[in-house]
Every structure is written in C-alpha cells, then in structure tokens.
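With chain V's structure known, arrange chain B on it following the hints.
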Amino acid sequence: MAQSNMLAMILAGGRGSRLHDLTNKVAKPAVSYGGKYRIIDFPLSNCANSGVDIVGVLTQYESVLLNSYVAAGGRWGLDTKDSGVFVLTPREKADSGLDVYRGTADAISQNIDFIDAYDPEYLLILSGDHIYKMNYDKMLRFHKEQGADATIAVRGVPMREASRFGIMNTDGEGRIIEFEEKPAKPKSNLASMGIYIFTWKTLRKLLVEDMKNPDSDHDFGKDIIPVMLNGGKKLCAYEFSGYWKDVGTIDSLWEANMDLLDSDNELNLDDTSWKIYTEDSGIVPQYIASTAKIDGAYINQGAAVGGTVQRSVIFTNCKIAPGAKVIDSVLMPGAIVEEGAVVTRALVAENVRIGKNAKVGDKKSEEILLVAKNVKGED
Amino acid sequence: MANKAFGVINSAANYIRVEGLHDYRPIGAFTFIGRFRVIDFPLSNMSNSGINRIHVYLNSRPRSIVEHIGSGRHYNINSKRGNLQLLFTQNNGANSIYNTDITAYMENLEQIERMPQDYVIIAPSYMVYKQDYQKLLDDHVEAGNDITILYHKVDQAKEYYRACNVVELNKQKGVQSITRNMGTAKDKNISMDTYVMKKDLFVALIKKAKRESSAYSLADIIALSCDTLDIRGYQHKGYFAAITSLDDYYRANMELLDYATAMDFFKQDWPFYTKTTDACPTQYFQGAKVTNSMVCNAALIEGTVENSIIGRHVHIGKGAIVKNSIILSYADISDGTYIENAVIDKWVKVKNVKKIVSESVTPAYIKRNDVL
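Those protein sequence lines, which keep their order, are chains V and B. For what it's worth, the UniProt record's numbering labels the leading residue of the first sequence as 1, then goes sequentially. For what it's worth, the UniProt record's numbering labels the leading residue of the second sequence as 1, then goes sequentially.
In isolation and in its complexed conformation, chain V is listed as follows (with noise of 0.2 Å):
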C-alpha cells in the first residue's frame, strides 16, 4: 500500500440470480461484458489506476472461475511486492466454525484479520456488478477534506425512478443527514452507488460490535450506516457524474453493451489514460470477410466474420458464418452462428451455437432474449 494507505474490497458475493444461466458456472462478477472484459475488470482497473495497491474480492458463490481469474492480479498490474488482489471466501477459524457471509457488513468483519494485516487508515468497499470508470483517489481526498467518518459515492437519478435506489437526504453541504432505502416518497434523486470510503479505525468498532448484536442483518445499508447516522457520526456525500450502470439483468446487460455502440458513449473504453485491463488471449486481429457487411458494431480480435452485423457486440472467437445475420445482439466469447441464422435482439452466451437457418429472438420482443444453450439448426 504504498500510494494510498487505503485497501479496498470488494462484494463479488451474489448469485446474481436475475441473469438466469449466465451465473449457473460463474460468479456475477466474472460475467462477460464489453467485447472482451469481465463485469469485476472495471472496478479492479479503477483500483489499479486509483493507486490502491491491495484488493480483497469477497464471494462464496461459484468462487472457482472467480478466484483463478482475479488471483493473476498482473493483469490490472496488482502484482508487485506491494499490490495484490486476493479471493477471501468464509474460512472456518479457531474461535468460530465455518460460516458463510451473513451480509455486506458481515463479508467485512469476518475479514477484519486480513484488512489490519496491511493496517490501512481508510477502506474502500465496492461492488462488483457494476460498469464506470471512477478515480477512487479523487474520493479519497474528499473524504480527507471533509474530515469525514464515511464517504458514500452518489448519483443523480430521475426522480421518477429514485424510489428503486437507497437515497441519501443531505444538509446542502454534503453532509448526509438521513439514508432511506428504496423510499416511496423520496425527499432528493442522490442514489448510492454503492461505493464506500470508511476511515478504519471507526469502522472497525462498529463491526465489531455489529457481530455481537443479534438483532442486525449485518448489512452496510441496514445497520452500519443507520447507527453511524444515529450515533453522530460525519457521513458525507460524493456526487459522481460520470457513466454508471448496474448489470445485474439480462435486459440491463444487453443496454450496457448496446452504450457502446455510440460512438460519443461516455464510458469511453478508448480513453488509454485510463485504461480497463483484462485478460488477453495474444490472438489474432479479428478478420473481416469479403462476404461480410457490418453496420454499426463493436468487435474484438479473435473473432471472424463471414456475415451481416448489425447493431451488435461481437466477443473473443466469435464466428459468424456467411449468410448469418446477427441484429441488435450481443454475442458472447466463442459464440458461433451458422450459415443462414438469424439472431436478433438476443443475448448470446458463451460458447454457444446457433445452428444453420436457426432463427433465434425477435425484434418486437420488449425483453432480451438469453440463449444459453445451443440452437439446433434445420437443413
């Protein structure tokens, strides 16, 4: 920690039911997005590009793909003798039995043991379903500035759709005065996002105390931030302005990788002075064939071409066969559509094949359609 002396950790926890098949392998964070990345790329690049060194990635569900990937930290360059990023799952202790996470604020305190290992002065909790690019360094500092307990990172939302969000009332200078969660009559449009800054110290003996007191759920947004507000603690608010989204629906994922089909969107993956790392598979350009034609579409190397693109998000490997149509999709790493399929307005998983003259989706269709095993063809 030799930037910041602020850790970071992360809440890769969840099933993430809502994305169906998508998660039956694969923890929600290691869904793939984007061309060529992984949902968890994003917050692991802002921590690597914010100068925090150390990354603890929380989970207990399907860990295995999680942990093979996130552990090989050089891929966000968190591998020298001071960075690292390590999978934490429940482990059995000598004063406890094995236990799983309980909640966002029990992921936290059972790892306390980790955490004062580097002894950070702040800590840094994130979530790991989420698409932005955000300089955590710069929070930081506000954080410092304001001389605050905690920081809580918002978002102006519509204030039609703030009663979905937790939503933080503040005194006009920032402080937070009141959190509701998902209220029916919001008082303000400022979301949490999700994004912490505690300062240690302080939230240590609240987690502590938090274990012992068995009426709590041992969640941030139920129990650690209430008794913060109740007990007078400085809990400020840092608006964030920038790309966000939640990917934590088929529907929401499929927009998230339609955004960047607009040239001006603003997530701007372009941008080389804060670059999102992730694996790289060292393959081939993607080739276009002369048979192909593409209309508007966001591809990675690796894949091939043979058909039409129209409006599409084309991953890793991806082939598309001469005479394919794949319209308004996303195809994920290794997708395959043969001779005369047509895909549209679909979610293609991993590896999956779509047979010869299968048609599959529909474009009056208002939701997604996710296609998570292969699609038999007709000759």
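Hints were generated in silico from the structure; no laboratory data involved. Check before you lean on any hint, since a few could be wrong.
Taking lysine-lysine and the DSBU-like style, the derived pairs with C-alpha atoms no more than 30 Å apart in a straight line are [what the hints assert, rightly or not]:
no.: 1; chain 1: V; residue 1: 319; chain 2: B; residue 2: 210
no.: 2; chain 1: B; residue 1: 349; chain 2: B; residue 2: 323
no.: 3; chain 1: V; residue 1: 359; chain 2: V; residue 2: 373
no.: 4; chain 1: V; residue 1: 275; chain 2: B; residue 2: 289
no.: 5; chain 1: V; residue 1: 359; chain 2: B; residue 2: 289
no.: 6; chain 1: B; residue 1: 275; chain 2: V; residue 2: 81
no.: 7; chain 1: V; residue 1: 319; chain 2: B; residue 2: 130
Between beta-carbon pairs, the in silico distance windows are [what the hints assert, rightly or not]:
no.: 8; chain 1: V; residue 1: 291; chain 2: B; residue 2: 286; range: 15 to 21 Å
no.: 9; chain 1: B; residue 1: 319; chain 2: V; residue 2: 291; range: 32 to 38 Å
no.: 10; chain 1: V; residue 1: 71; chain 2: B; residue 2: 258; range: 37 to 43 Å
no.: 11; chain 1: V; residue 1: 91; chain 2: B; residue 2: 110; range: 48 to 54 Å
no.: 12; chain 1: B; residue 1: 277; chain 2: V; residue 2: 251; range: 29 to 35 Å
No residue lacks a Cβ here, since even glycine has one placed at the ideal position from N, Cα and C.
Below, chain B alone, put in the same frame as chain V:
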C-alpha cells in the same frame, strides 16, 4: 523439465535493409498483422518448445524491442526457472561490415560459455514461421549431425528472398553449400538461418570465424565448414516469411489475409505470445464497409477498407477508402482520403494529401509520424 538446449535469437545480417520501416526499429520489432511483432514468433516457438533460457541479441535502436520483450513473462518464461537475457552489442566503428553476429557473440562469449545446456538453437528475428524446436533437437541428436539447418522450399526465389541464403542439398539432405540467393532460379531451398548444434561447436565456430575474418558471419563460417562437418538440412513446412525488404514485409502480411492460411498458422495448441496493450474492441460505424481485412483492436472505422491490415487505434475517416494496404497503429486516415497499395507507418496523419497510390508491385511507404 529443463531443456537440453538454450536459445539464441539473432538480429538480421547487416546487409539486410527494409526500406523505410527499418529507419525506426530493428526487424524484430516490426509490427506483424497489426498486433504481433516479428520477434514474437521465434520467442514463442522457443517458449512452446520448452526452452526457457534465451539470449536475445540487440544492436541498433534496441528501445522498441526492449520495451516489447520486458521481463519475458508474457512469453511464458518464468524468471525463477528460466530467463530471457537481452544482450547488447556496441556498434563497431563506422563501417557496418564489422557489425556481424560473430562480433556480437564474441562480445558476449562469456555468457554463452556459461550456459549449462549442451545444445544451442539459433533462430533469426527477421523470419516468421512456426517450428517445434524440441522435435528439431531430438531429430538432430538422433541423426548424430554436427549442425542441422532449417530450410524452406520455395518456388518464388527469383522475385523474393533476395537477401536470404540458399542451401544446396545432396540426396541424404546433407548440406553441400550455402550461398546467397542470386535470383537465378525459381525453385530454391531457402536457409531459415536457424541452426541446431552443440554449444561447444557453436563456441568453436565463433572463435574460428573471428580468427579468419572480421567480416564473417555465423552463416559464412558454417558455409565454409560444409566439407569438414556433417551439416544436414531439415525441411520446414507451412507458412514462412522472410522479412528482408519492404516487398517481403508487405507480401508476408497480405498472405495471412487468406483466412485458411491464417488459421493453419495460428492454432490454439501453439500460441504466439505478445505484449498486450489493453486496447478496447474496434468500433464500426454506420456507413463503414470492410471486406477481406484483418482489423486490430481500438480501431475506429467509418470508411471503406478492402484487403488490408488495420493496426491498433487506427482511424479510418468517413468516405475514406483503404485498399490493399497495411496501416500501422495510431495512424489517422482522414475523411475522403484514398489509399491503395501502401504501408503507412505508426502515428501518420493523412489529411491534406487526398490520394496515396503505388502503381508498382512495391507498396508506397509513408514515414512514421509524418503529416501529409
């Protein structure tokens, strides 16, 4: 498992000169099909063959290669159980005839003599091919040869491979002579400048060459040893390119636009490693028209691209047409520009000149950083 051989990656001979591109970097650092560097191929061949002690020779303008190779970790070389050593050579005086590989080996003789392996595999950094060196070594040891030379049978030796050597073989694949390709016949066995031999013989040849002439190269001294040593040829099959001129560079890249050729060369069981730049995927805008092309990541394509190789972070503007060309990284081809049969080097901006066309077989070359 420790390999019985260590690897040596040599630079191109001093008489090989690639017009334009070579002014800025050695051939090993040339970009190949947009995302690789030429040196990735010999290094990956060695790494995939289980060779994990590798000497890489660098002479002039080594910066780009040093940056690209780094610690060698992306070639799957673990620094605790192997390493890539970058060996520098001084430029010896004004006359380039003294800048031979033998001079470089002499300067680093101590490093060579200290290698614990019994055998050495020497490969050039100006050729692109795939070869299992373990198999080459096993066959060499089993046959009991003094030296095994890798060669490729070509039928275009009149037009191409002009700076390469040709091996003359007898029926037992014994090498009878090694001479420069003079373009006298179309069918030739081109030397791939790749040799397997015992380390002791390698050291002896280096010393002998030094004694005989300051201008000798390793190829020269091996050629002179055809009568006294048992030197055999080993035929290579598959894709092979020798980057010894701008024409060769252009043709070698273009050959891989044939998808079947490319897929035969790039196979999952034999990965070619390279340094990642973490570039995002490529954006095709409405109105873009791309056919038979290889396109690297982070390109922005608004115009038309045909039979071309487009490098990373290249922008092809609206209404621009790029045909039969190689556009290297970060080049910006403005709206309405027409480019045909050209090699556009890195960071070039084509904005005021509206047409770049080479009528001849030799492509037009636009210098690095140029604004046209």
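Going through the hints against the structure:
About 55 Å separates the Cα atoms of residue 319 of chain V and residue 210 of chain B, which puts this hinted pair outside 30 Å; it is violated. For the suggested pair residue 349 of chain B and residue 323 of chain B, the alpha carbons sit about 17 Å apart, so the restraint of at most 30 Å is met. A hinted pair counts as satisfied when its Cα atoms are at most 30 Å apart, and residue 359 of chain V with residue 373 of chain V qualifies at roughly 14 Å. The straight-line distance between the Cα atoms of residue 275 of chain V and residue 289 of chain B is roughly 28 Å, inside the 30 Å bound, and the hint therefore holds.
The suggested pairing of residue 359 of chain V with residue 289 of chain B holds, with an alpha-carbon distance near 25 Å, which does not exceed 30 Å. For a cut-off of 30 Å, the pair hint linking residue 275 of chain B to residue 81 of chain V stands: about 21 Å separates their Cα positions. Distance check on the hinted pair: residue 319 of chain V and residue 130 of chain B sit about 24 Å apart at the alpha-carbon level, within 30 Å; holds. Our hint of 15 to 21 Å for residue 291 of chain V and residue 286 of chain B holds, since their Cβ atoms are close to 19 Å apart.
Evaluation of the 32 to 38 Å hint for residue 319 of chain B and residue 291 of chain V yields a failure: the beta carbon distance comes to about 23 Å. In this structure, residue 71 of chain V and residue 258 of chain B meet the distance hint of 37 to 43 Å, their C-beta atoms being roughly 40 Å apart. At roughly 51 Å, the beta carbons of residue 91 of chain V and residue 110 of chain B sit within the given window of 48 to 54 Å. The beta-carbon spacing between residue 277 of chain B and residue 251 of chain V, approximately 33 Å, falls within the hinted interval of 29 to 35 Å.
Of the numbered hints given earlier, the model fails hints 1, 9; all others are met.
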